[in-house]
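> Top to bottom, those sequences are chains A and B.
Letter by letter, the first sequence follows residues 1 to 485 in the numbering used here.
Letter by letter, the second sequence follows residues 1 to 113 in the numbering used here.
Worth flagging that the hints you see were computed from the coordinates, not collected in a lab.
Treat the hints with care, since some could be wrong.
[What the hints assert, rightly or not] Below are the DSBU-like pairs computed for lysine-lysine, each with C-alpha atoms no more than 35 Å apart in a straight line:
(1) A:K258 to A:K3
(2) A:K422 to A:K473
(3) B:K66 to A:K258
(4) A:K476 to B:K66
These figures come from a predicted structure and were not determined experimentally.
One-letter residues, chain by chain:
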Amino acid sequence: MLKAQERAVRLGVLLDMGSLLPVLVIAVLSGSMLLYSDLLDYARSITAGIIAWGILRRIRKGDVQEYDYGTGKMESLGGLAGSLIFMVGLLIMAGFALHRIFYPIELNAGFTALGVLSQFIGLLICAWLWWRNLKLARQASTPLIEMEWRAKRADTLNNLAVLVGLVLTLALRSMPWSVYIDPVCALIFTVYGIGSFIPTVRDGILDLLDKTLVEELQLKINRNLAVNFDGYEGFHGVRSRRMGNRVLIDIALSFDPKKRISDMMKTVESLKEGIRHDIPNSEVNIIIEAPEPSASPDDEEKKTQIVPLSKETLPSALKLVRSTFRIESDDKPEWEMEECLEPGTHVEELRALGISNPCYWVLCSDGRVLGVTGIYINPKYESEAVWGTWSAYDTTKKGKLSRNRYRLMRKVVYEAHATGRKYLRLCTSDFPEEKEANHLYDHVGFTTYMTKKSQDGKYSILYKQAELQHLAKVFKLDRIKPEEL
Amino acid sequence: MDIQSKTGNGFTSIAIKGRLDAVTASAAEAAINRTIDSGASNLVLDLSGLDYVSSAGLRVLLVTAKKLSRQNGKIVLCGLQNTVREVFTISGFLSIFPVAADEAEAEKSFQIK
Chain A
1 MLKAQERAVR
11 LGVLLDMGSL
21 LPVLVIAVLS
31 GSMLLYSDLL
41 DYARSITAGI
51 IAWGILRRIR
61 KGDVQEYDYG
71 TGKMESLGGL
81 AGSLIFMVGL
91 LIMAGFALHR
101 IFYPIELNAG
111 FTALGVLSQF
121 IGLLICAWLW
131 WRNLKLARQA
141 STPLIEMEWR
151 AKRADTLNNL
161 AVLVGLVLTL
171 ALRSMPWSVY
181 IDPVCALIFT
191 VYGIGSFIPT
201 VRDGILDLLD
211 KTLVEELQLK
221 INRNLAVNFD
231 GYEGFHGVRS
241 RRMGNRVLID
251 IALSFDPKKR
261 ISDMMKTVES
271 LKEGIRHDIP
281 NSEVNIIIEA
291 PEPSASPDDE
301 EKKTQIVPLS
311 KETLPSALKL
321 VRSTFRIESD
331 DKPEWEMEEC
341 LEPGTHVEEL
351 RALGISNPCY
361 WVLCSDGRVL
371 GVTGIYINPK
381 YESEAVWGTW
391 SAYDTTKKGK
401 LSRNRYRLMR
411 KVVYEAHATG
421 RKYLRLCTSD
431 FPEEKEANHL
441 YDHVGFTTYM
451 TKKSQDGKYS
461 ILYKQAELQH
471 LAKVFKLDRI
481 KPEEL
Chain B
1 MDIQSKTGNG
11 FTSIAIKGRL
21 DAVTASAAEA
31 AINRTIDSGA
41 SNLVLDLSGL
51 DYVSSAGLRV
61 LLVTAKKLSR
71 QNGKIVLCGL
81 QNTVREVFTI
91 SGFLSIFPVA
101 ADEAEAEKSF
111 QIK
């Protein structure tokens, strides 16, 4: 498609260049204002065409590798430059036409007739190029080809105006006022031409400034958010902008962690599809944010605190871990917790298990342990990742489960992020009791990068990871203070 | 834009006057959030004095509706002028929000359980 557009623009430039000299000779000999202004138009058209041709050529040859986000901005810049050149040319012509209205002259009849013939041929060529470029723009709209078909439409009308003006001037040359026909026609044409380029210039400027979409399109986005209202739990905003002929829309939503991933994806797809249907050339990106905890925690929730594991809370924390997970013979949560309280206690044994520097925290309410979580370093991957320890939640504490899970997960992300490493990794399994936790992990952006069968072959061990930079955004770490954790 | 709130029988009424657009949306959101944070979960938005609402204004209401639904709360709109109602209709927001003619009618919707 780019090649076809490039060919169309090149053809226009060559035809304009071929017509320039004959029109120049006829304009000088006839003295017609219309033909003079037509010369400016040719100059404008050739310049704008060469710019467009060069840009399309660069894009087609792939000489734009340095643009991560494509060549939309380059197309906009080219379209804007061409349109502005054209508008300046038209303004100059309008000035000449006005001058001729105040200081009219009589045209040379013989050369004016020659001008009529040249304009007629020009009219046919421009009308054909207008139709051809419009067809290309309908197939694949870009600012450059949009600018080109508008330019050819203006050229066609220009030729028509010049033709009519010259014919009328010749036909009515016995009338004293016929001297005004030539400049008045030129003025009408220039005003129309300027008006036709205003939308291209406006859109190009808005694109380069990354201006958001117009209100009509924003309402279409809202309509799709309303249609899918029951599918998401929280709405966190919309960002949109144009990039060339593309419309980029980011929508931030959050979902109920208990919701199945497939249901969540159904909503995401429905939203994307609806917007793509309503807004052609749109690219919709759904940013999934962590679900917000209840806006007004009750008194009991206010009393819960995440604190470092202590000797007093260790037995309860260990009990919680043992009651939540199926502990294998080589799993040693008690060593990890004891090492956390007194570093050096089990350092070598844990190192042999791939664990060093374990840190644990507990979620407490009135001295009761409601949850436990922590991080450690695997010496094998020391520089790149932090690992999540045993994380357990008191599921008998109904009603606040999601909030407690969220708070503990956020604490892990906060502490892991503070180490400056790239990944947070977790080891989980496909046991039914870990299903809800796995939902939460997948929901906030963890992916399973490795799966292993357990020694007895009864279940699978799932190794999950997520980039901490991503998790920091999901949990909005930049907006919370350490004391709020 | 002018926002005033008052407590009614089992609900809090927030009257928004003037324009609710990209310029005033954040102020409106902050005012509504303050009301919700103070414990209100049933809201009546009196829009009889609202002359214009943009897509940004509608999104403030969307955020509020989601926030209240998490707290088992409810939001009812009342007093929509024709121009404002048209924007709600075009954007499909009338399917999200119950609409009452006035505050008295909105109050009834909280009493019916």
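> Take the hints in turn and mark each one as holding or not.
The hints, checked one at a time:
Taking the CA atoms of K258 (chain A) and K3 (chain A), the gap is near 51 Å; set against the 35 Å cutoff, the hint is violated. For the hint linking K422 (chain A) to K473 (chain A), the alpha-carbon distance of about 14 Å falls within 35 Å, and the restraint holds. Pair hint K66 (chain B) plus K258 (chain A) holds up; C-alpha atoms about 17 Å apart against a cutoff of 35 Å. The hinted pair formed by K476 (chain A) and K66 (chain B) meets the criterion: a straight-line CA distance of about 19 Å does not exceed 35 Å.
In this structure, only the earlier hint numbered 1 is contradicted, and the remaining ones agree with it.
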